[in-house]
Structures are given as structure tokens and as C-alpha cells.
Amino acid sequence: MKIKELTHEIREKSLRKIDKKSPRELSASWFGEDLLYSGKGNAIFIILPTTGCAHALSESGGCTMCSYIADSPLEKVSSDELIDIFKNSIERHEIKPKTVVKIFVSGSFLNEDEIPREARDEILKLLNKEENVEEVVVESRPEYVNEEVMKACCSLIPDKIFEVSIGLESSSDYIKEYKINKGFSNEDFERAVNVVKSLKSDYKVTSKAYLFVKPILTSEKDAIEDAVASAEYAVEVGVDRISFCPATIHKGTLMEVLWRRGSYQPPWIWSILEIIKRVRSSIKIPVIMDTSGFGTRRGPFNCKKCNKKLKNLIIESNLDQSIPDEFDCECKVKWEADVEYSDLSRSNTLLSDKI
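Under numbering that gives the first Met the number 0, the first residue of the sequence shown carries the number 0, and numbering increases by one thereafter.
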């Protein structure tokens, strides 16, 4: 079976098992520290319950590692309800000076089929009134990033940075197509970033690339090399920030199927540190490393002795953009062996089996 067929089949099985929840049950928000363009600051994260990623709902089945569609109501939420949920979410948090508001919709904020323009515009207008909000960050696939939509958004928050985050995942079109099932190419990504760059003289607009660490059918060594190469490519294209997303096992994905069969493991935290060291040594734009799932059964893992310590080191390094201090643990020898001798033959064989 081809990867699109596998991904679609697994996604359909997963969606049939989901207990439907109301939009308000699916919404969430939280507060934390973050790195803004102006330095260390605060972040408010808001998840809005939209219909979900159009790519995941299509015949392609979406990306091999993503199950965010499972956190969507799978039906249209009205603009009024989305606006009300947003208001309730942001009112739960004190908006301190130097705050960024990050809005997640399990898909593309700029796709009007996922979040109606009326809701999008009203949310941006509400944020424009908040003096302490310096940045507004949203996510979108590149096909929805065009001059008309970007101008419409930026004009509503003229004094704030408006950042569009795009899930490039890898600079390799082969990896995007055959290991991630991303549904777009480097050419599409470059076009979207160029749209953002063309508006910089008139608006405070920026772009960010999400890069995925260790797709399926990727060895530990190749995962490191691809992450570094992808960061270098993203800088060359002209993004303003990079955010690495190390793999965690989402339920109802092709990645989970391979993981359960013993043919996939998330990256070592040692690999994450190696990526940070190499990228921050050569790249001058902000580079963030997500630590979600670190030290858990389904996420990046070293050993119980060092998981938490290294996670905390990485979080601290995100805020000051430093390279974490050298650290040693007895499990590092196992990682070094994995990097040198990892074998993908079993993964490739299992992928060819019928799921």
C-alpha cells in the first residue's frame, strides 16, 4: 500500500473511534514563559476548536505523525461561538507586559473554511486592543498564505508582530512526500515565505518554520542530519524563526502503528542536544526546541537519570538561545551506538505489509 492510502485508512479507523466532544470541551489555553523577538517574555497559548486540518480531512489522510484532527469537532463551529470561546480563553490569563499570543486551530488559521473570516478578523481586533501583546502567532499550510489574506490580517494589528508558522518539517521533498505525507513541496514553502518577505516594508510580519525531528523510516543519524540541513535551508529561504518539533507518538497515526510493531522509536534526547549544538552554532535567527513529551514512553527519551535534567536544560536554553552545557550520563554510550549502527531494514519491511 502507498503511504497516502495507509495514512488515510488509519485515519478513518481512528476517527470512527473518537468520542465526539463539544467545541468548548475541545478548547484549551495555558500560560508560560517564551522567547519573543524583544527577548524573554510571556506567552498565552490558545487552542480553538475548528473543523480541523483540510489536508488531514482529505483523501490523503494527512501527515503520518499528526493526530490533531482528533481534537477537532469535525463540524463547522460558528463564528460567534469561536469568538466567544476565544474571549473566555484569553480572559483566564493576566496579559502581562511583553506577551505573545499563540493561536492553534489544529489546522490553518488562514484557511477560511476552517476559521471563518468573521471570526478571524474579530479575534485580531480584540488582540489589537491589548497593549501588552507584542506578537500574535498563528499556523498555516503554505497554500493559504497569500498577499490578500496577509494584508487583511496585518492591517488589523498594525503595531504588533504577526507571525505565520508553517510546518515545513524537512527540507527534503522526498521525506515530505514519502515519510510525512505533507502534501506540499519546497517550492510551495518558498512561495509562502516570499509573500511574507514582500510585506515587511509595510507591516510587522514574520514567518517561522516548524521542523520535525525523526519522521518514520529515518535512522537516528539521518534524523540529526536532516534536522540540521532543514534549518540551514529555512534560513536560506528567509524565515525569521525556527521551531523544532521532536517526534512524539500520537494515537491513530501511521507512526503509532510502526511504533507498536517495534519498528519506530522517537529520537533520543541526546540527538536533540546535538541538533541544538550544531544549529545554534551556525544560525543567527532564534531557534526553539519543543520539549513536549520528553521523558515519556511516547516521546524523546534517554534514561530516568537524565531525562528531566536535560529537558530543563533545553527549556532554559530556549529562553537565552544558548548551547546547553556539556552533560554526561551512562546512557550516552547507547545513543552513540544507535547513531552509528541504526538499521532501517525492519521498518521498511513492516511498512510494506498491509496495516
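It should be emphasised that the hints constitute simulated quantities derived from the structure, not laboratory data.
Glycine included, C-beta positions come from ideal geometry on N, C-alpha and C.
A couple of the hints might just be wrong.
So the derived label-pair ranges between C-beta atoms look like this [to be verified]:
| # | residue 1 | residue 2 | range |
| --- | --- | --- | --- |
| 1 | K39 | E147 | 31 to 37 Å |
| 2 | N145 | D327 | 34 to 40 Å |
| 3 | K283 | E74 | 42 to 48 Å |
Checklist entry - What are the numbers of the hints the structure violates, in ascending order? => result 2
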